[in-house]
Every structure is written in C-alpha cells, then in structure tokens.
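Chemist: Going down the list, the protein sequences come from chains A and B.
Heads up, the first sequence is in numbering that gives the first Met the number 0, so the first residue is 0 and it goes up one at a time.
Heads up, the second sequence is in numbering that gives the first Met the number 0, so the first residue is 0 and it goes up one at a time.
Think of the hints as simulated: they come from the structure by calculation, not from any bench.
Hints are supplied without guarantee of correctness; some may be wrong.
[Unchecked claim] Distance condition first, Cα-Cα at most 27 Å in a straight line; then the derived DSSO-like pairs of lysine-lysine:
1) A/100 x A/78
2) A/111 x A/184
3) B/193 x B/163
4) A/19 x B/186
5) A/118 x A/160
6) A/100 x B/139
[Unchecked claim] Here are a few chain B residues that sit away from chain A, every Cβ distance over 12 Å (derived from the structure):
7) 64
8) 104
9) 113
10) 143
Where is the CB? At the ideal position from N, CA and C, for every residue including glycine.
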Amino acid sequence: MSKERVVLRVENLKKAFGDKEVLKGVSFDMKEGETKVIIGPSGTGKSTLLSCINMLVTPDSGQIWLEEEEVTSAKNINKIRQEIGFVFQDFGLFNHLTALKNVMVGLTKVKKIEKDFAKEIAMKELTRVGLEREANMYPAQLSGGQKQRVGIARALAMSPKIILFDEPTSALDPELIGEVLSVMKNLAESGMTMLVVTHEMGFARTVSDEIIFMEHGHIVEQSSPEEMFKNPKNPRTKEFLFKLSELYGSE
Amino acid sequence: MWVTLQITFLTLGLGLVLALPISFGQVYGNKWIKALIAVYEKILRSIPELVILFLIFYGFPKIGIRFSPFAAVIIGLGFRSSAYQSQIFRGAINSVSSAQMRAARSLGMTNLRGFINIVLPQAIRIALPPWTNEFTIVLKDSSLAYALGVTELLRQGGYIIATKYEPMLIYLTVAVMYFIVTIAINKTLGSVEKRLAIPGFDVKETVR
Chain A
0 MSKERVVLRV
10 ENLKKAFGDK
20 EVLKGVSFDM
30 KEGETKVIIG
40 PSGTGKSTLL
50 SCINMLVTPD
60 SGQIWLEEEE
70 VTSAKNINKI
80 RQEIGFVFQD
90 FGLFNHLTAL
100 KNVMVGLTKV
110 KKIEKDFAKE
120 IAMKELTRVG
130 LEREANMYPA
140 QLSGGQKQRV
150 GIARALAMSP
160 KIILFDEPTS
170 ALDPELIGEV
180 LSVMKNLAES
190 GMTMLVVTHE
200 MGFARTVSDE
210 IIFMEHGHIV
220 EQSSPEEMFK
230 NPKNPRTKEF
240 LFKLSELYGS
250 E
Chain B
0 MWVTLQITFL
10 TLGLGLVLAL
20 PISFGQVYGN
30 KWIKALIAVY
40 EKILRSIPEL
50 VILFLIFYGF
60 PKIGIRFSPF
70 AAVIIGLGFR
80 SSAYQSQIFR
90 GAINSVSSAQ
100 MRAARSLGMT
110 NLRGFINIVL
120 PQAIRIALPP
130 WTNEFTIVLK
140 DSSLAYALGV
150 TELLRQGGYI
160 IATKYEPMLI
170 YLTVAVMYFI
180 VTIAINKTLG
190 SVEKRLAIPG
200 FDVKETVR
C-alpha cells in the first residue's frame, strides 16, 4: 500500500458558532491508507471538524481538499459526499429500512446503481462487518453494536475515499464496543483511509498511524502513538493522557 | 348516506391538498411563511365550524361571492380540516429526527431526495393514527351541512321523521349508520397502519 498519495488535506480551517470559535485554524493531511485518531477533551471541536470535512457544517474559512478536488468550493457537494463515508455516534440508521436496505439506499437512490447489483454490493459489505444473517432485520431489532456495524457497512458500500468516524462507540454499552472496534481494525488493516474521533485509547494506540490531540479548537500535538503515549511534548497532552489513564487504568 | 360520504371525502381531500403544502411551509419555510400560516391556522381553529359555514354561505354573498350550500360546506369544512391536518403532518415531519436527514445528506442525497426517501416514509407512519382520527371527525362534522339545508344523512332522517313521526327509531338508525362508517374507517386505516408498521419500532403517537 502506497502511503504517499494525499487523500485529504485540511488547511487552516476555522469555524465559529455565534461568537464562540470552535475551530481556530486546523491543518493536517491524510495519506492513502492512513488511520488517524483525533483525541481531546469534549467541546474542543473534534466533531465539528469532522462535520466540516463533508460540509454538513459549513466552515467559515480555510480549505479542504479531497484528492484533487476542493471540497470547500465545490459546486456539487452531494457528489463529493458520496466519496466521504460518515459514521455517526448515534448510528443514523434509517428506521424504516432493513439493514440491507440501509446499505443499499445510497447505491440505488444516489449512485443510481441497478437494484440487483446494489443488493450484491450491500450483502458483501454486510458480510464484511459480520451481519449477513441480520440483513433483513430492522434497526430497532438490532443491538447498538450491530447498528453501528450496519452504519459502517453503509459507508463502505459507497466505496468512499475516506471514512470519518464521529465517536462511533460512545453510544454503546461497554460489552458492545469490542465488536465495532474489531470491524474498524480490520478495515484499517485492509487499507481504508480513516479519520476517527474517539476516546478509545486502546484503539488509538494499536491501530492508528498517528494521533492528533486537539484542544480549544487547535491541534496541540500530533505524532505517532508510541511518541504520544511515551513521550508527549506538550504539557497539555501529558495532562489529558494522564487523566484518561486515571479513568481507564493505563494499558 | 351518499351525500354524507361525498361531503366527508371531498372535505378530507380538500383539507389534505391544502394541508400538505401548509405543513411543508411550517417546517421548511422562512419566518414570514411560518407567521402567515400560524395566523391562518389560529383563525380556522378558533372559530366554530357552524360560524365558518354561515360566514361562507350567508356572509360571502354580501361581498359578491356566492356558493351553493353543498360547495359552501366543502369549502368551510375543508379549510377547517386543512388547519388540523397540517398540524398532524407538521408534527409527524418534525418527529422524524433531524439525524435521519443528516445521515441522508452524508450519503450524498439532496434535501429533496432525503425528504422523499427517508423522512416522508417515516412521517406517514407517524401521521396515520391522528389522521384516521381527523377522518372520523370530518365524517361526524359533515352533519353540520344540515344547517345549510344540504340533504345529508341527518336531514334525510329528519324528512323521514316528518312523515312517519318515529324520532327515536330514525335518529337511532342515523346514529348507527355514523357508527358503522366510523368503525369501518378505523378498521381499514388500522390495518393499513399494521401493514406499514416497522418491526421493533414503536410509533409513540396515539389517537387523541
């Protein structure tokens, strides 16, 4: 897997809600096949950053590039959104559709792929997340972990260039977190480009290529997991990681 | 009976045709549209049906607008029903969470496509029970056409009483006919509701 090609570039991104500045000039980029994890205290703009990347929230200034295309000035944002997968904290599954139809709907209604073929793709992705037997169940009949795996399959089916995960396990019961993380781990290993906001330090440490620590709308520090956990440069990073390890026990 | 059903269906139909754009305006419109609709609704929901009918049938000719009794009934009850029906649809659309639309947009759907494919199918299911209720209310209100001299079920009963003088028996018969139709409407739409129900997903709206 070539790790040279830049898939996503974010440059000096700023966003304020009213007079509250949430993002104060965030820049980073992601190469093909990379997994980056964003950590940081809540309310520091991590989720806003993800929402800005596919323009679900419009940034005030700065640029976002998806490969050669500028997302921030795109004429047809819907076209670009097809190439950016998004996995939500609250799953965002369509309640009136079965797991299979949830995964298919983007293919048939947005990409206009013929139904039988869309079904084939959807089944393949559901199998990939281990839910082929739940294909005909409705979201309300699935556990939280299963719902989130459907959410991931739905994002995958669109064959995106990158998938953004917005705290994908925060709404789950502890015993269900593992199944979602293991799907994500496999995905990362298969070479998917992934940007993950999470508090799961185990995942950050073992799966990510780089950890971004954000606070108060800034990127405070970004480095490899070894570097970040063993030898954090910024005192704020140190403090945050210490607090987390107090909470979860150091792994 | 036939006239009663005609009044019911035409009223409900007119109400529906008006209510859909009104509810869209309420949910997606700007503040002027919302304010205008709020006034429309408040007025229609605050005036007794009979006053609305008299106003249209006896009042409007004074400003040069004349309707047949039947047309006045359909217009009066239809507009009134549109105010109630729009509330039902507005509530249903609003109760489909905005997270559903957000997820639809994240897949690259336009607002319109997201509305048609994701929000509307869920909103219809939520709206069905209260809409069934409105249906039966319109059926019963159709008897107000009596006041404008339209020969609907109640007046038909009145005519028969005038010749046979059996008020108890005739009014009971009339009551039973309303009852049967109401039950039939409830049963039919109830089975539609069951057919559309999403397994495991409880719609928490109940009939008033």
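Chemist: CA of residue 100 of chain A to CA of residue 78 of chain A, is that 27 Å or under?
Modeler: Distance of about 21 Å is within 27 Å: holds.
Chemist: At 12 Å, judged by beta carbons, does residue 64 of chain B keep clear of chain A as stated?
Modeler: holds, 44 Å
Chemist: Regarding the pair residue 100 of chain A and residue 139 of chain B, is the alpha-carbon distance no greater than 27 Å?
Modeler: violated, 41 Å
Chemist: Taking 12 Å as the cut and beta carbons as the points, is residue 104 of chain B off the interface with chain A?
Modeler: violated, 6 Å
Chemist: Keeping to a limit of 27 Å between CA atoms, is the pair of residue 118 of chain A and residue 160 of chain A held or broken?
Modeler: Status holds; Cα separation ~21 Å.
Chemist: Going straight from one Cα to the other, do residue 111 of chain A and residue 184 of chain A come out at no more than 27 Å?
Modeler: violated, 30 Å
Chemist: Does the alpha-carbon distance linking residue 19 of chain A and residue 186 of chain B stay inside the 27 Å limit?
Modeler: violated, 54 Å
Chemist: Taking the minimum C-beta separation from residue 143 of chain B to chain A, is that value above 12 Å?
Modeler: holds, 38 Å
Chemist: What's the verdict on residue 193 of chain B and residue 163 of chain B, does the C-alpha distance respect the 27 Å limit or exceed it?
Modeler: Judged against 27 Å, a Cα distance of about 45 Å means the pair is violated.
Chemist: According to the definition I'm using, a residue is off the interface if its beta carbon is farther than 12 Å from all beta carbons of the partner; does residue 113 of chain B meet that for chain A?
Modeler: At roughly 9 Å from the nearest Cβ of chain A, residue 113 of chain B sits no farther out than 12 Å, so the non-interface label is violated.
Consistency with the previously given hints fails for numbers 2, 3, 4, 6, 8, 9, ordered from lowest to highest.
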